[in-house]
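**Student:** Here are the chains, one letter per residue:
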Amino acid sequence: MKAFVRNFRASFGPDMGGPMVALVAVLLIFGLAADNFLSMATFGSVAFQLPELGLLTLAMLLPLLTGGINLSITFAANLSGLAAAWVWQTHGGVDAPTSAFLFACLAALGTGAATGALTGVAIAYTRAHPILVTLSMMIFLRGLGEFLTRGGDISGFPSYVGLIGHGSIFGLPVPLLIFLVCVATWHVLLTRSKLGFGLLMIGSNLEAAHYSGLNTRKIVVLVYTLSGIMCAIAGIIMLARFNSVRVGHGESYLLITVLAAFLGGINPFGGFGRVLPVFVALIVLQLLSSGLNLMGANQHLATALWGVLMIVVMAARTLASNSHIFRRKKA
Amino acid sequence: MAGVSPLLSLKNINVTFGGVRALKGVSFEVNPGEVHCLAGENGCGKSTLIKVITGVYRPQLGAQFTFDGKLIATMTPNLAQSLGIQVIWQDLALFGEMSVAENISFQLAVKGKYGLVDKRAIEEAARKALARLGVSLDLHLPLKELPIAQRQIVAIARALVGEARLVFMDEPTASLTQSEADYLIGIVRNLSDSGVAVVFVSHRLAEVLEISHRITVLRDGSMVGVYPVEGMTQSRVTELMTGRNFDSAVIAADHVDAPVVLSVRNLTRDGEFSNVSFDIRQGETLGITGLLGAGRTELALTLFGMRRPHSGEIIVEGQRVSFASNRDAIRAGIAYLSEDRLSLGLNQPQSIADNLVMASLDRILVGGLISSRRKAEVVSRWISELAVKIGKPHDPIRTLSGGNQQRVAIAKWLAIGPKILILDAPTVGVDVGARAGIFEIVRKLAAEGLSIVIISDEPPEVYFNADRVVHMADGCFKSVYDPRQISLTELESAVYA
Amino acid sequence: MRRLIQSKPTELTLLAVTVLLCLGLSVGTDRFLTIANAFDVLNVSAVNIIFAVGLLVVLISGGIDISFAVAASVVQYVTVLALLTLGGGNWAVGFIIAGCVGMGLGLINAFLIYRLQIISIVATISTFNVFFGLLMFVTKGVSIYNLPDWLATRFVFFEHEMADGSWIELTLPVVVMILCCIATSFMISRTTTGRKLYAFGDNPEGARRFGINIAAMHYVSFGWLGLMAGIAGLMQAHYAQEVVPNALYGRELDVLAATVLGGARLGGGKGSVLGCVLGVLLVSITQNGLNLMGVSPFAFKMIVGAIILAAITLSSTRFDKLLPKALQNSVRKGNHRS
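Protein chains in written order, with this note's numbering: chain A, 1 to 331; chain B, 332 to 828; chain C, 829 to 1166.
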């Protein structure tokens, strides 16, 4: 058993244990409780629902790793969606040509990047607590979005937009493919790039990173800009899935993204964390809600259970680190 | 002090943590009104002993503990406080947002009648305590407004409010300038004169020898002995602490033929240092010594590009440079080892490997991405070159000893291939026994042609390891010495004058 | 005076900004500077101020809580259901039930944070989801409109018709809010428990060495916030004359922003009731003023957001520099430990 644990840690990393155990537990419990759980239908629904929460979680991930947080992700996604919608509307709405697609995406990505960059500059140059800066940014973006839309929906997009939201390539939903590409990008960014290295160093000690010659301000600005760009991608996917933009879409995902990241072993103080365990944690959360759905419960019960799962995992970590076997290992 | 019955007496103290014996049959005695020094390297058991005396840790069976002639069966933190045993921790354990009065009378502030705060009693007690120390401070000021030396005073006053009879002071002068330290030592004398016993833990041996009556030396959890301070010398204490004898010899040499690597001309930062000029040649080691607050670290940070000079020139290999940030300085080949290894020099929670490559990432990139193979090569190369004792490169660096951490910190800078290495207080938090190893590395680097600046507030460190020694005071270069032409005593008397 | 400036710089700045804002609005609109309007602002802000002073206590002790607003929704629902089962009840019973349920929910947070050592933001985000998910699941999102009569009837302590025909009303939520402010202020600055909370938030390790009961600090601070959240929930139900399960969803972040605007520090050890009240009022007055100036309601939140963003970034720039370096380090270390 001990040898197994050691091998597992060696090949997947120590932070993979919690999410994997949760994954197996969820599969076992629902597999036994609902006989139609282990079916293509379940995995189909997970595959379609995962990307929205997943992309927003990726947007949350980088700031969390620097020891910060980005509370404005959902409204940044909405606002980016609005920018794309505006491009399509000005190019003829439903009849907009395919060429407008590129401009719409660029407008969305640009908006996301701009909100992120503004947040990053505020955090890097004033040293205000990221919770506060992004919280007030959230309030501002929500207000801006509601002001622009007068609280209503924007809809009427060309039909190819629906393909992004609902189409499949080789049997895999397009949103899932986009999400997988983003996961891979973030994985490479964190493990192999200078920026990834720098942001983890900043997460555990910004001053020490600065003294070692890392450009900490640039890193912070880039981190929040990338977070904003990821929000924009999420915003486009949401627009395509609902075939409309509404300020407040996905608002309830905000704290779930933090929960998913912590569930995936991200250090709450920053500096340590990987993408893969977070990816597994996201699958667990989505399976949990799909499974409950199958059994006739609604999303709200799933939300509650997500919270319970989080508490159980964190409590198990505490107990494990306090127990005798693990303590000797640490020392 | 024969005939006086001791205030505190411990016999046969044994403490074991997870199979490791932290204290082995230690005895310890303090007389009333005595200033007693507890000396030893890091990890020798000093803090464990303090925690036993204050009831945080329990010793094993067979220990004998008497205070004021009475046998104490079990010591607890509360009993220790009610007996008047007070500890002034190294980090002071003060509360920055609370007022000076509340900090001094902390016990009153949190233990009032009916759970209510009695402001008048708090201020009264604080005023009395300060008066006993002969100090006056604004009682209403938030503590964070005070300079560090006055915070020390507040911590001592707090001990007095607790009716102290025995005060432990853990490295009280570590962050003080010389005049502040002198002032503090005066206050310790006052305390001792008024009958309060003080146990002093300090790395500054000169100051220990100045104020203590007796010294208890610990090594590896065992008692080395108790010695009266008369006739003690710093080198004798060092020998007792480490169990080794350090022979030192001046290594200064001339480098007149080597090219000048760094020239500084009339460098000035208002209020920090002024008109600093010097040259360093290839392979030369310049020592800068002086008291805390002389402007040494500020000068180093300016050379490292982290502060802008107000006037003057920095010339690297004949090129006049102007640094916008430390990244420019690093590019120009200047490396700076911070005096604060714990929070600035190294990223303590992160791995040894990551710390080592932190400054030289560009050298391990392949196609824009970090190559784990090249990273591993760089790490293993420097680990073996500087003989760093580590477990695995992925272990957090905080698991290493101070000496090994400092080797990694030096390796981090060597990995960028610097021309000039500035070492600011390179032996702080490094055991006496491991210091020699650090300087061995420094000498080897100098021999290989690196130009080195050593900054230290301990004159012997620069005297024995530099080619030239600068005495810095009040932001100016007072004088430059050749260690071959003056004695260490002459240098020390110049610095401490 | 110098002492006042030193000890309460944030509060004074905020007061000055509020006064300036009021002056501007009085000149800009003729209806702003009326007593009736002032009472309006108070009535609107009462519930948020009650939340804010509760949150203040948790922030002072170095914690953070995201779950209190949805906890208040749970309290509303449970209290009203209990009252209806009891056959109506009265104000006393209402306050007792709401207070106890709220405190109970707060204590759950404290238990998770202290006993299970889950850091406060993680623990309260989890309980946020648990509370809200369960509430929506159990109630199926259905609102309650048939409140007991005493709860749904406006309770006015004092009213007076002004010469211009407008009414001044001192309503129950405002009176309760004032009582909550006084009680919180007394607790944090006059009792030893309150001073311990400050000390613990300021320097947790130092507090531990002085034998301060760490468990008690967690239970007191989160229990107090729970109590305040319970009371605020009841007041919100009274004010809105209905119980809507997701009415308070999202309120936590607005209250957090206002509280921090009022000088409370994330990380602990700092903050005052006066600052809290001013923080909430500044936001309310801005909204009220914009309303009176005829600005589109859709633009309100944007402008308020921009003001908070500016205020927080500006104040951080300044105060960070005021803090001595050694203390910044010790604060940072303290955060990591808690």
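Treat the hints with caution; some may be incorrect.
30 Å max Cα-Cα, derived DSS-like pairs, lysine-lysine [unchecked claim]:
1) B:LYS442 <-> A:LYS194
2) B:LYS401 <-> B:LYS442
3) B:LYS750 <-> A:LYS218
Since the hints were made in silico from the structure, they are not lab data.
**Student:** LYS750 of chain B and LYS218 of chain A: Cα distance at most 30 Å?
**Tutor:** holds (27 Å)
**Student:** Given the hint that LYS401 of chain B pairs with LYS442 of chain B, does the C-alpha gap stay at or below 30 Å?
**Tutor:** holds (27 Å)
**Student:** Within a Cα-Cα threshold of 30 Å, do LYS442 of chain B and LYS194 of chain A meet the stated pairing?
**Tutor:** Violated - the C-alpha atoms of LYS194 of chain A and LYS442 of chain B are around 53 Å apart, more than 30 Å.
Taken one by one, the earlier hints fail for this structure only at number 1.
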